[in-house]
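Listed below are the residues making up each chain.
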Amino acid sequence: MRRRPLTLLSDGTLSRRENTLYFENAQGKRPLAVEGIYDIYIYGHVNITSQSLHFLAQKGIAVHFFNHYGYYDGSFYPRESLNSGDLLIKQAKHYLDREKRLKLAKLFVVGGVKNMEKNLKKWGMKVSFNEFLNELEAVEKISEVMNVEARVRQEYYASWDETLPEDFKIVKRTRRPPQNEINALISFLNSRIYATIVSELYNTQLSPTISYLHEPGERRFSLALDLSEIFKPIIADRITNRLVKQGIIKKEHFRNDLNGVLLNDKGKKIVLKAFNEEMQKSVRHPRLKKNVTKQRLIRLEAYKLIKHLVGTQEYNPLVAWF
Amino acid sequence: METYPENVLLIRGTEINYLFICPTKLWYFSKGITMEQESEYVDLGKFLHERSYFGEEKEVQIGSIKIDFIKRGNTIEVHEVKKGKSMEKAHEMQALYYLYYLKVLGIRAKAILNYPKLRETKEIILDGHEEEVEEAINEAERIKSLSAPPSPVKSRKCKKCAYYDLCWV
Ligand code: SF4
Chain A
1 MRRRPLTLLS DGTLSRRENT LYFENAQGKR PLAVEGIYDI YIYGHVNITS
51 QSLHFLAQKG IAVHFFNHYG YYDGSFYPRE SLNSGDLLIK QAKHYLDREK
101 RLKLAKLFVV GGVKNMEKNL KKWGMKVSFN EFLNELEAVE KISEVMNVEA
151 RVRQEYYASW DETLPEDFKI VKRTRRPPQN EINALISFLN SRIYATIVSE
201 LYNTQLSPTI SYLHEPGERR FSLALDLSEI FKPIIADRIT NRLVKQGIIK
251 KEHFRNDLNG VLLNDKGKKI VLKAFNEEMQ KSVRHPRLKK NVTKQRLIRL
301 EAYKLIKHLV GTQEYNPLVA WF
Chain B
323 METYPENVLL IRGTEINYLF ICPTKLWYFS KGITMEQESE YVDLGKFLHE
373 RSYFGEEKEV QIGSIKIDFI KRGNTIEVHE VKKGKSMEKA HEMQALYYLY
423 YLKVLGIRAK AILNYPKLRE TKEIILDGHE EEVEEAINEA ERIKSLSAPP
473 SPVKSRKCKK CAYYDLCWV
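Those sequence lines, one after another, are chains A and B. Taking my numbering, the leading residue of the first sequence gets 1, the next gets one more, and so forth. Taking my numbering, the leading residue of the second sequence gets 323, the next gets one more, and so forth.
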């Protein structure tokens, strides 16, 4: 059975009786087939019994929590089951060696920038980020890498407005709290992507705490931040644009709050459905010569990183061919 | 005790098996870089530490393989149940390695490979194969000591291999 993510949007209680997990909400109590669960994303107010957490730990299922606004709060990351001392040492070595770290940091940004460029082309805009990429090649500090990335992103978001409907112009990318609908959508999806990457890393021997572009400790799972550079454009930005341009997400799916503009429950539901469907979509992988889901692409990116770290093959970030 | 096997024979049975399937797989596996399907492999070495085990009749699960040790008079039979013969050489070498391991422990044994699907069995005796096992051990140790995994070589085996995505992405 292919294990799938479970998203809990409603309020309720997660409990365990013997070898069955139950979710009880206003609609009633239903058993969850734990063998079919890959990981769990909790958006509602959910009470969780410690027995159910024990059970999930046993099964190696990570649980991700999102706050009231839909932003990532934290994860229940069961005691790691997959470990490789050898890989951990190599991961750390690549962090400690300035050249090695810089190289990886740049590669994450290169991947992100190329994916942004790809998106703009898809949306019918003629934009080239080549100059930025050349600049990136020459820089020698992580802070400079970050700086180039930030400038590309600015230009990238600015061009969105050319194709976005009137009601949904991005104007400028505000972070928390988002001041407009598009920003709210992007932030909501980025949170989810981050958690999804954390899950994928949990299922490899990579330590999520050692990262290259972002400073380890910036967030607990900073390697997920590094990898999200690659996936934010091809997952979150594409879903955002599609939902808005096709009128699937409308003004009415947002609410104003002291904390800015936020998705309401209906809006969250629509976006999460789109996200889950997107992640299960397959694309033909040119190297593996088989179909893989978008979700699987994250794992494959982790494998590429492992190969870079152990020294079989240089990391070559995913640039969307689809 | 110099001949304490866990001090000399640090190679696991699965590793000898993988040596004859694919050195790349052996390297990754030995570094703890396992794929989902493989993460449940129990280490026979660890298991053999429990000396008290001998003399009983017991069934041991090693991943998808079952090993029975059966004591019959002075010889012990190591049984292994295998799915098919496509990896026959690897199975045989793994069995020989167990026998070698037991011999170092001072235990004479023979192994029986069981292929229930094919309704066949094959008896494996160590005598005369010691050198071959030692060579395999040395080769496995050499591969494990490499700083990077041996480059993968595409073969028919890759298709069914759990490491496929890692090797070829
Ligand atoms: S995919 Fe092929 S090369 Fe890679 S470990 Fe498996 S058998 Fe070896």
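Since the hints were derived computationally from the structure, they do not count as laboratory data. Any given hint could turn out to be false.
Stated by the list, open to error - Label-pair distances were calculated between CB atoms; the ranges are:
1. Ile447/B - Gly74/A: 55 to 63 Å
2. Pro31/A - Cys480/B: 35 to 43 Å
3. Lys103/A - Ser408/B: 36 to 44 Å
4. Lys482/B - Ile89/A: 52 to 60 Å
5. Ile343/B - Asn291/A: 22 to 30 Å
6. Ala26/A - Lys479/B: 36 to 44 Å
7. Gln179/A - Ile343/B: 42 to 50 Å
8. Asp257/A - Ile343/B: 32 to 40 Å
9. Lys479/B - Arg242/A: 25 to 33 Å
What the hints assert, rightly or not - Computed cross-link-like contacts, EDC-like style, restricted to lysine to aspartate or glutamate with a CA-CA straight-line distance of at most 16 Å:
10. Lys476/B - Asp487/B
11. Lys466/B - Asp97/A
12. Lys353/B - Glu278/A
13. Lys289/A - Asp487/B
14. Lys290/A - Glu452/B
15. Lys122/A - Glu162/A
16. Lys141/A - Asp97/A
17. Lys432/B - Glu452/B
18. Lys232/A - Glu278/A
19. Lys411/B - Glu399/B
20. Lys432/B - Glu463/B
21. Lys444/B - Glu399/B
Virtual Cβ for every residue (Gly too), placed ideally from N, Cα, C.
Each hint, compared with the structure:
1. Ile447/B - Gly74/A: 55 to 63 Å: holds, 58 Å
2. Pro31/A - Cys480/B: 35 to 43 Å: holds, 39 Å
3. Lys103/A - Ser408/B: 36 to 44 Å: holds, 41 Å
4. Lys482/B - Ile89/A: 52 to 60 Å: Violated, at about 31 Å.
5. Ile343/B - Asn291/A: 22 to 30 Å: Distance hint for Ile343/B, Asn291/A holds at roughly 26 Å.
6. Ala26/A - Lys479/B: 36 to 44 Å: violated, 53 Å
7. Gln179/A - Ile343/B: 42 to 50 Å: For Ile343/B against Gln179/A, whose Cβ atoms are near 58 Å apart, the range 42 to 50 Å is violated.
8. Asp257/A - Ile343/B: 32 to 40 Å: Taking Cβ atoms as reference, Asp257/A and Ile343/B lie about 58 Å apart, which means the hint is violated.
9. Lys479/B - Arg242/A: 25 to 33 Å: violated, 41 Å
10. Lys476/B - Asp487/B: holds, 12 Å
11. Lys466/B - Asp97/A: Violated, at about 24 Å.
12. Lys353/B - Glu278/A: Measuring from Cα to Cα gives roughly 34 Å; hence the hint is violated.
13. Lys289/A - Asp487/B: holds, 10 Å
14. Lys290/A - Glu452/B: violated, 43 Å
15. Lys122/A - Glu162/A: holds, 13 Å
16. Lys141/A - Asp97/A: holds, 13 Å
17. Lys432/B - Glu452/B: With a Cα-Cα distance of about 13 Å, the restraint between Lys432/B and Glu452/B holds, given a limit of 16 Å.
18. Lys232/A - Glu278/A: holds, 13 Å
19. Lys411/B - Glu399/B: Violated, because 19 Å separates the two Cα atoms, which is more than 16 Å.
20. Lys432/B - Glu463/B: Between Lys432/B and Glu463/B the Cα gap is close to 25 Å, so the pair fails against 16 Å, i.e. violated.
21. Lys444/B - Glu399/B: holds, 12 Å
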